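There are 2 protein chains.
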Amino acid sequence: MACRSRITPVLRRASLAGLVRTAPASGASRTALRCLSTAGPRQLRASGPSMAKFTTDTYPDIKRDERFTQITPEHVQFFRDLLGKESAVIDGVTAEVAADDMEPYNGDWMRKYRGHCKLVLKPASTEEVSKILKYCNDNMLAVVPQGGNTGLVGGSVPVFDEIVLNTSRMNQIRSFDDVSGILVADAGVVLEVADQFLAEKGYIFPLDLGAKGSCHIGGNVATNAGGLRLLRYGSLHGSVLGIEAVLPDGTIVDDLCKLRKNNTGYDLKQLFIGGEGTIGMITAVSVQCPQRSSAVNVAYLAVESYEKMQQAFKEARQQLGEILSAFELMDLRSQQLVQRVRSSKSPLEGEHSFYCLIETSGSNSDHDAEKLGNFLEDVMGKEIVADGVLAQDETQIRNLWSQREGVPECLGHWGGVYKYDVSIPLPDMYKLVDETREKIDAAGLRGDSDEFPVVDVVGYGHMGDSNLHLNVAVRRYDKRVEDVLEPFVYEWIAKVNGSISAEHGLGIAKKNYIGYSRSETMIALMKQIKNLYDPNGIMNPYKYV
Amino acid sequence: MACRSRITPVLRRASLAGLVRTAPASGASRTALRCLSTAGPRQLRASGPSMAKFTTDTYPDIKRDERFTQITPEHVQFFRDLLGKESAVIDGVTAEVAADDMEPYNGDWMRKYRGHCKLVLKPASTEEVSKILKYCNDNMLAVVPQGGNTGLVGGSVPVFDEIVLNTSRMNQIRSFDDVSGILVADAGVVLEVADQFLAEKGYIFPLDLGAKGSCHIGGNVATNAGGLRLLRYGSLHGSVLGIEAVLPDGTIVDDLCKLRKNNTGYDLKQLFIGGEGTIGMITAVSVQCPQRSSAVNVAYLAVESYEKMQQAFKEARQQLGEILSAFELMDLRSQQLVQRVRSSKSPLEGEHSFYCLIETSGSNSDHDAEKLGNFLEDVMGKEIVADGVLAQDETQIRNLWSQREGVPECLGHWGGVYKYDVSIPLPDMYKLVDETREKIDAAGLRGDSDEFPVVDVVGYGHMGDSNLHLNVAVRRYDKRVEDVLEPFVYEWIAKVNGSISAEHGLGIAKKNYIGYSRSETMIALMKQIKNLYDPNGIMNPYKYV
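Here the protein sequences come in this chain order: A and B.
My numbering applies: residue 2 is where the first sequence begins, and numbers increase by one.
My numbering applies: residue 2 is where the second sequence begins, and numbers increase by one.
It is possible that part of the hints are untrue.
[As the list claims (entries may be wrong)] Computed cross-link-like contacts, DSS-like style, restricted to lysine-lysine with a CA-CA straight-line distance of at most 30 Å:
| # | chain 1 | residue 1 | chain 2 | residue 2 |
| --- | --- | --- | --- | --- |
| 1 | B | LYS480 | B | LYS512 |
| 2 | B | LYS528 | A | LYS531 |
| 3 | A | LYS132 | B | LYS528 |
| 4 | B | LYS480 | B | LYS64 |
| 5 | A | LYS528 | B | LYS531 |
| 6 | B | LYS135 | A | LYS531 |
[As the list claims (entries may be wrong)] Quick partial rundown of chain A residues pointing at chain B, CB under 10 Å, derived from the structure:
| # | residue |
| --- | --- |
| 7 | LYS135 |
| 8 | SER240 |
| 9 | ASN468 |
It is worth saying that the hints were derived from the structure and are not from the lab.
Because the structure is a prediction, the values reported are computed rather than measured.
Every residue, glycine too, gets a C-beta built ideally from N, C-alpha and C.
Just chain A, same shape as in the assembly (with noise of 0.2 Å):
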């Protein structure tokens, strides 16, 4: 095949029109086209049902904690004397507020989950976060904390009347130094902010998703937040190096560490990354950013069987090394589902099984470009990979991004999708996507019409970390879908040994569920931890363990 120059692998086939060599392109603009692509949570809102169904309706099952107060206008009195200004206190408990002002805090982007809260905070420090903490915990008033509200789980809205504590306030860049590349900022930064204030010291987060322009650094910390960019920079764990939180009883956790290496005693820290605010609040995070690559190359790929994928990410992994830094996973199903509702067409001709986005980041855009046109000239040699497009520039880059990252937003069109987000081993993930589908049809949901509440059955996500998303784009949430579902996709996880959370956590969405990845042990293990920070129980009830 192909005729390719040692250093510009222009790769030349009848069915690879639009293959030709990448252009560098900074990480700057692309996180500029990826804000345009994602529509944001508050839009989706548009269409489907306009208000979700209470979560006190949907789990009829969970009683309000009757150790928790109600919030009296005294209670509103102290907050107010403590935050001081009007707009940190939104009070729908002595006043009546617009639903337009209170929704966005009570109700998720999904239109999932929905509480009766009536008091929202938003702190604007520390200090004002440990003394609202401390009157809760001494007042038996339970809270939520709170970050951009992009969760996937309902962890970050209430079920009752729990206080939203909000840290939009808290949004200041605390400190950056550029020789380390260590970010301390507060925990109400949008990661999107974060992202291009190091885009412009040359530095990256080591955390990318598509709800960056709306949520913040410390929900993502407390959730873990998994995204885009784990293949290369690792997780949270590992990256984030130290942490500001507020216990419930008041203490401030002063754990802002600066640096790469301590170890003095217990990594305590480590319990608030993927605590979704259940034994504290984060308040601020320090973090060690990489350096931003210089040469950014994008491929998308089309082939013909789950085996060949497979293949195409073990030799991706071998001959890219270093500089791979995405490999992501979509069906055809999905991305039809993306053209339709976008009216546009695929970046490739025909119908593949498959498709991937293969990603590269380093510091030389020469080495990047022959590593990656080597690379595509021996998969397509190998009929491994069936057709492909190389992004030539920063648009083309955009446009090809936003096939995969438009896929949860364009899957909400018709009114809602049921989510799972797993960790299955590689040989094993894709079988549940065609299962679960077996069974929906079974059960005859799924078709063309009105009729039908299921749309389709499709599953992307992250390949490099064998985290797939299995998605049901519903016309309304359905029992009957629901019966099939679960504990179908649960049971089907635990028998591989899988996990029913990969990136999104427990909220309230999974906390029945956790027995399929956990043992009794380690679910009693967890307890205790809950029970020691937060023995009331104030932080964020009725989810997690």
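Starting from the structure of chain A, add chain B where the hints point.
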């Protein structure tokens, strides 16, 4: 300067006789050499005092905890019955044991710490560890978990008559998945054995350190070892995916996750990483192992000042980017001592204030050689680097690494070493070495003849991690030296917000100094965790926090 072809960066310069293009070298063979060059703990005993002072003499303020039971013949019989095998029990309680048989478990390799242990147990399974710990907990018998006993802070040897629980018989690799790169292995597997196993599969253990031929991976994880690859592969908090551990009450913590992403509850395993065996004993670990790089290059450079060293580091990070795998600092004195002990010559002519070792690891040797060649040309052109040599084959790579890895071993030549392993923000990092030397000199303690206790004060370490090893080589341990060093060193580090333990841990050496790096609140929270898991305090007492 330099004529340079595009692909083979052969730099030519009068002073750079040895600087030629590197050939790719497999990590496996580098590994083999490392073993030769680091003599290993035991051999160091040949020189210097034949036996260390008892820790109880060095630290007369530490009193035996009266709650602990004295070991009786009945206890010994229980353990004999449980473990079966004769070789699994070294019994100095009911029998005479040759000093040579007990000493390796009672004393550390630096001859600084020595306990009064009379019973060593070598369980072969997690279940045996569980039964031992439960029995010890029920009978108030104190224990010290011990791996390869290569620690530097006295954490793995007893102080009084604690029972040693040694992991050497738990040495099996349990599983390896060559698609995901996830290794599951017993705690007692020697680090080098694990790494060689991985080398055959094309993978690498994400940790490397001088003692790799003796240390156990369980001990590495228990002490959160940092080492030579942290710059590239991050800390064990990120790369350890799961842990199996036994709590003092015999509970088996089965958290041996084999998934890159698993957000299902508090990440309890993190408490055991760096917990130094004080809340439980690690019996197995699951580790995410990166792919081994096919191309490894090593350069050894001379730099005239610490300011220029910082510039060289910044340039290396920028220009070598994703392939930079080590940037190790060594001062002139550290190199002179190595050459004196070995009667060898420096790889470079003349004397320069500082040296650094730069390693790159990548997937394409041509690309890597070009990047490194460009970098060297650039930093020499800018006169940041004064001189340098680039290894051209595996033997040269080994020889250059031995200039760095040989430092700790050679410093022990005269009898002993006061070792400080600290994290300090880069701009201030080396100042500590100069100021310490000035203080030692002002006290008249350093000189070339036997009347002076101090041979020299040197600094070296992991520049890429802001991690300095301040070492004071001595002819004998001397109270006057200690009085100059402490608390001076710790106060100095606290002043610049550094860490008194970057990677070596606390053990007994730093137990009393943690207040220089941690607040009272943090120390109280740590003690709370200790009391939660080990209410009887039997796990590795008299140490840590």
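With a cut-off of 30 Å on the C-alpha distance, tell me whether LYS135/B and LYS531/A pass.
-> holds (25 Å)
Pair hint LYS132/A and LYS528/B, alpha-carbon separation not exceeding 30 Å | It holds: about 24 Å lies between the C-alpha atoms, which stays within 30 Å.
Given hint LYS531/B paired with LYS528/A - CA-CA distance at most 30 Å | holds (17 Å)
Is the straight-line distance between the alpha-carbon of LYS480/B and that of LYS512/B 30 Å or less?
-> Holds: LYS480/B and LYS512/B sit about 19 Å apart, inside 30 Å.
Double-check SER240/A for me: the hint is only fine if its C-beta lies closer than 10 Å to a C-beta in chain B.
-> holds (7 Å)
Distance restraint between LYS480/B and LYS64/B, which requires alpha-carbon spacing of 30 Å or less | holds (21 Å)
Can the hint on LYS135/A be confirmed by a CB-to-CB distance to chain B that is less than 10 Å?
-> violated (14 Å)
Chain B contact restraint on ASN468/A - CB to CB distance below 10 Å | holds (5 Å)
CA of LYS528/B to CA of LYS531/A, is that 30 Å or under?
-> It holds: about 17 Å lies between the C-alpha atoms, which stays within 30 Å.
Violation of the numbered hints given earlier is confined to hint 7; every other hint is satisfied by the structure.
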